[in-house]
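Chemist: Whole structure, please, built from the sequences with the hints as guidance.
So the chains spell out like this:
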Amino acid sequence: MNARTPQHDNVVSQALTQIGNCGLFLLTLLAAVPRSFRYLRETTRQLWFVGAMSLTIIMVCGLFVGMVLMLQLYHVLSIFGGTSASGMVVALSVYRELGPVVTALLFAGRAGTAVTAEIGLMRATDQISAMEMMAVDPVAYVATPRFLAGLIAMPLLCCVFCAMAIFGGHLVGVTWLGIDNGTFWSNMTAQVDIHTDIVNGVLLKSLAFGAVVSLIAVFQGFTTPPTSEGVAYATTRTVVASSIAILALDFVLTAFLM
Amino acid sequence: MTQPVRSPPDDATLVRIRGLTTVLNGKTIFDALDLDIPRGKVTSIMGPSGTGKTTLLKHITGQMHADAGSIHVDGHNVARLSREQLYKLREGVGYLFQNSALLTDFDVFENVAFPLRQHTRLPEALIRNLVLMKLQAVGLRGAARLMPNELSGGMARRVALARAIVFDPQLILYDEPFVGLDPVALNQVLKLIRTLNQTLGITSVLVSHELAAVQQIADHVMLLSNGKVVAQGDPKTIADDGSPWTRQFFGGEADGPIPFRYPAGDYAAELGFAGAAK
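Top line first, the protein sequences correspond to chains D and E. Yeah, the first sequence ends on 258 if you go by this note's numbering, and it's all consecutive. Yeah, the second sequence ends on 278 if you go by this note's numbering, and it's all consecutive.
FYI, nobody ran anything at the bench for these hints, they're computed from the structure. Virtual Cβ for every residue (Gly too), placed ideally from N, Cα, C. There's no promise every hint is true.
Stated by the list, open to error - Quick list of simulated restraints, FRET-style, between CB atoms:
id, chain 1, residue 1, chain 2, residue 2, range
1, D, Val60, E, Pro263, 57 to 67 Å
2, D, Pro225, E, Gly19, 27 to 37 Å
3, D, Arg45, E, Arg145, 12 to 22 Å
Modeler: Below you can see the structure in the form of structure tokens.
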């Protein structure tokens, strides 16, 4: 039998403390949203940084996910003579699960880590304290624009990811494996429901994932010890915590939305 | 009894500290410290490393809260101010950080313009002129479009100084303002601090180890050690006041009331020579 040790209690209490602090930080962020509207330029700049600058990786990964998915499905469905449904299955898989989840994981790795490292370094070099001393609220000026930018960018990136995945699926299925073009599109449009698949699947999930990833990234940056090692650990924690949160939240959302 | 947020401001004293006690990681930094910073004067706070000079500046600006005691800035009890009130107070305070703390996303011009853009709606042409005037004062008007990573340590400090004075605040706190400055820049910065004090009546608090520089501009010097003010007086005569604190600090002696070594256990025992020590 495994006995509970003080170390176990310590790890659990530390994790709970972190979650509690993160929740309190979310309240601080939300309270700062009205004040952050005067920093619209900063929010736009962050939207460019976390959104537009992530486009390449999202597009390339979306393309390959769609291609490999079509390849796998074609071979499985050909056993049952159902290859004509490949396009539809690719679309449903991408819209409901793979699109939001993979986009969020990529977003955490590309933009989340960058946000954490940037804010962590700002803390380490006293830039956050300097803002405080210049009577500029760093939560409204630094944290909230990055949080809002993540919130706006994620659904848009997810749409781009899904479009590229469908394009990749079409490329492999129709151009390479010879599925009929009309069958590919008609099966897809017949089975994909705007509300269930696009609104709930793509938009709602990616909005929730965007909020979670941005919150974790900004929180880790703001609470990191102001040392190079502290920033490195915080960046790692952003990826680990975001990945777990995305997958856990995906299960919860799917259970509620199905 | 709770302390009032605002007490009637004293005309002669801008910062009044009473019974300030701070303990960090089990070490007492301030032990019931009492200190007054006179309005419109240049006050220098000196003391050995690790004695809490920067911590004192953080207390004055409300960046850190003490375990006990009170700090009044212009009659405001800093610890009892709301966030909005504290920010309002800080708009009248300039702070030069030890490591400059320039915003790395912005160039020199935008760093100096940052407080103006955040707190005023001045026309762009006026902001430009104000920033260029401050940069001219620190000799860096020509470096306006350089990024912080293109500046030397001394240049970065001068930019930070220009940013600290851009609002002509009523109180400026300088944390080690002379570090990294070459003799020419040092002389100009000394003149600038003195001019700001004389022409605008700005109260300046200097944290520095450089007695020669401090003697040129300070009106009053306080020596901190062991959590208290152990000596204070005129900068030109304080070194000769005969107290063991000033004799050791200004004479650079290892032995005296100011501990050179951080508290530690037995040296021989730590090296494994416990037996030999006996």
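Chemist: Looking back at the hints listed earlier, which ones does the structure fail to meet?
Modeler: none
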